[in-house]
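So the chains spell out like this:
Protein chains: 2
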Amino acid sequence: MNQQLALGIDIGGTNTVFGVVDRRGNLLGEGSMSTRGYEEVTRYIDALYRKVHPLIEKVGGLDQIRGVGVGAPNGNFYHGTIEFAPNLPWKGVIPLANLIREQFSMQAVITNDANAAAIGEMTYGAARGMKDFIMITLGTGLGSGIVANGQLIYGHDGFAGELGHIIVEDEGRICGCGRYGCLETYASATGVMRTMEELLKKKKTDSILRKLPPDQLNSKAICDAAIQGDKLALEAVEFTAKILGKALANAIAFTAPEAIILFGGLTKAGDLLLNPTRKYMDRNVLKIWSGKVKLMRSELKESHAAILGASALVWEMKD
Amino acid sequence: MNQQLALGIDIGGTNTVFGVVDRRGNLLGEGSMSTRGYEEVTRYIDALYRKVHPLIEKVGGLDQIRGVGVGAPNGNFYHGTIEFAPNLPWKGVIPLANLIREQFSMQAVITNDANAAAIGEMTYGAARGMKDFIMITLGTGLGSGIVANGQLIYGHDGFAGELGHIIVEDEGRICGCGRYGCLETYASATGVMRTMEELLKKKKTDSILRKLPPDQLNSKAICDAAIQGDKLALEAVEFTAKILGKALANAIAFTAPEAIILFGGLTKAGDLLLNPTRKYMDRNVLKIWSGKVKLMRSELKESHAAILGASALVWEMKD
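Protein chains in written order, with the working numbering: chain G, 1 to 319; chain U, 1001 to 1319.
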């Protein structure tokens, strides 16, 4: 058996994307399908297999593939399950790794999307060669994957790395988790929108965003406006960077990472977000780390990152 | 060679304690000396060797001993050094592991005191069998050692686990590190004293602590008063527990530990501190962990814990 290839599957709330990847991160083929429309998860797995099968044939059949890595919201590495994922159609605890193992006749491993991103970055991206780093995904929420001693930290129950839910503001913004002041209510695509809405209400400063219909006021529009120099959008980005930078300063005190790597839609603001985040991070961190911990963007192409991350789990499998 | 014993040395700002320990944590002999009075670290090592040597002979000589584990403030595991320790007489970077290796003709390993406490707890104490836990030492400052996947997290530079220096209050109390609002300015022996002083000034409530001369208002007196039901002392403990509990809730979101273990002088307050800390921890943690992460006291005898912790480093050594 050759087994120099890995199948990566990323299950999102809307779409599922998959691809076959070699050890260097080259995507040899990919595809996608809707995650929705399958009431039973077994139906979904059937459909997924039918979609993926031609791709497996194309790269030379099962013998070429070492295993399947799956990234999914609320994916639990230890149990091989998806547990109570609010954005997926299947409720409760889904034994996803087992279902895939049976349907695909391959070993399968699962973790949540941010952990998969961290392993992808370590295998193919900006964190190659690093043994200690933190991956932060700034999407609808804030996800994180913590790598220490060259290993992803799963914690005693498989759910470690929930930096989106550290409380950064006492009695702050209400969070989807039911508590108040979680980091992701500020530092995420949704967070920056909430900040922008507050600023638009509170201030009279002119802004191109005032002309947008409310349903178009998304994080992309805010990043674009900031890049164009819109003062109020820049203020929203700076505010986001301040809260994120301070939280990252505290995160450094935990695991003393070599780098913190940012990924996801919000990083489209580029240096506009990175520079002030770095400023607040360095200003608030214990002196021994000031100016020493790299803050960088992911080196994985966003359209491929989810597949690459999921596929990279396969190389971490024990034989 | 037998090598079923370990030599543990704990270097404190005032005293150095040492002992020979077997694999089950039995102390076969111990001793102590002053850390002070040696301008040159080599003189200190000489004196230490003269003190320790009879103990080595007593247990059967060098052949019985696998190595030396050293716990010291600012001890760096990777470099085998003590780096810029404010409370030790020797300045700059001290190559302590090498000095001991040469003088004692044994392999030596060093880490900071809180990390040593964590490994001691994992080897001999409350964390036996645990792969994921956080050790918190509540002494003059707040130290911490984080164990994940069964390994202590040292970080990329050897200085991970500085939970005493996560900022919990914007523009809060000034800290020895030069910043403001660090956790240890509240949750430590010094922190509870500062809280008590503030309460005594701010409130008119009667308290047995009002009668104490200022130099006797230490954390022990405050714990004792709280145990006796002194209202203001209880308020100080509750305030400390609130800040500590909230910080621990955030810490859980990082590494999802099975338990958080408290050690040090402040834990003498017992359930008076533990119960409210647990209450605030559970109230502020992400729901999946509420009521699930154990908060417990160290199971090591305080007088022996430093030696046991340092000695336990030896069992972690690679051959």
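Heads up, a few of these hints could be off.
[Claimed, not checked] Label pairs and their in silico Cβ distance ranges:
| no. | chain 1 | residue 1 | chain 2 | residue 2 | range |
| --- | --- | --- | --- | --- | --- |
| 1 | U | ASN1275 | G | MET193 | 39 to 47 Å |
| 2 | U | VAL1093 | G | LYS203 | 45 to 53 Å |
| 3 | G | LYS231 | U | GLN1228 | 54 to 62 Å |
[What the hints assert, rightly or not] Some chain G residues flagged as far from chain U (calculated, every beta-carbon gap over 12 Å):
| no. | residue |
| --- | --- |
| 4 | ARG50 |
| 5 | LEU88 |
| 6 | LEU212 |
[To be verified] Which chain G residues face chain U? A few, computed with CB under 7 Å, are given here:
| no. | residue |
| --- | --- |
| 7 | GLY139 |
| 8 | THR140 |
| 9 | ASP157 |
| 10 | ILE166 |
| 11 | PRO213 |
| 12 | LEU217 |
| 13 | ASN250 |
| 14 | SER290 |
The hints are simulated quantities; they were obtained by calculation from the structure and are not laboratory data. Each residue gets a CB set at the ideal place from its N, CA and C atoms; glycine is no exception.
Each hint tested on the structure:
The supplied range of 39 to 47 Å is met by ASN1275 (chain U) and MET193 (chain G), whose beta-carbon atoms lie about 41 Å from each other. Against the hinted window of 45 to 53 Å, the Cβ-Cβ separation of VAL1093 (chain U) and LYS203 (chain G) comes to about 51 Å, which satisfies the hint. Checked against the given bound of 54 to 62 Å, the beta carbons of LYS231 (chain G) and GLN1228 (chain U), roughly 59 Å apart, stay inside it. Against chain U, the non-interface label of ARG50 (chain G) holds: every CB pair exceeds 12 Å, the least being about 34 Å.
Residue-level check passed: LEU88 (chain G) sits 16 Å from the nearest beta carbon of chain U, beyond 12 Å. Separation of LEU212 (chain G) from chain U is adequate, the least Cβ-Cβ distance of about 33 Å exceeding the 12 Å criterion. Restraint check, GLY139 (chain G) versus chain U: the minimum CB separation of about 18 Å is more than 7 Å; hint violated. Hint status for THR140 (chain G): violated, given a least beta-carbon distance of 17 Å to chain U, over 7 Å.
At about 6 Å, the closest approach between the beta carbon of ASP157 (chain G) and any beta carbon in chain U falls short of 7 Å, and the interface hint on this residue holds. At about 4 Å, the closest approach between the beta carbon of ILE166 (chain G) and any beta carbon in chain U falls short of 7 Å, and the interface hint on this residue holds. Given the 7 Å rule on beta carbons, the hint for PRO213 (chain G) is violated: about 35 Å separates it from the nearest Cβ of chain U. The restraint placing LEU217 (chain G) at the interface with chain U is violated, with a minimum CB-CB distance near 29 Å, outside the 7 Å limit.
Interface hint status for ASN250 (chain G): upheld, as the beta-carbon distance to the closest one in chain U is roughly 4 Å, under 7 Å. The beta carbon of SER290 (chain G) comes no nearer than 10 Å to any beta carbon in chain U, farther than 7 Å, and the hint placing it at the interface is violated.
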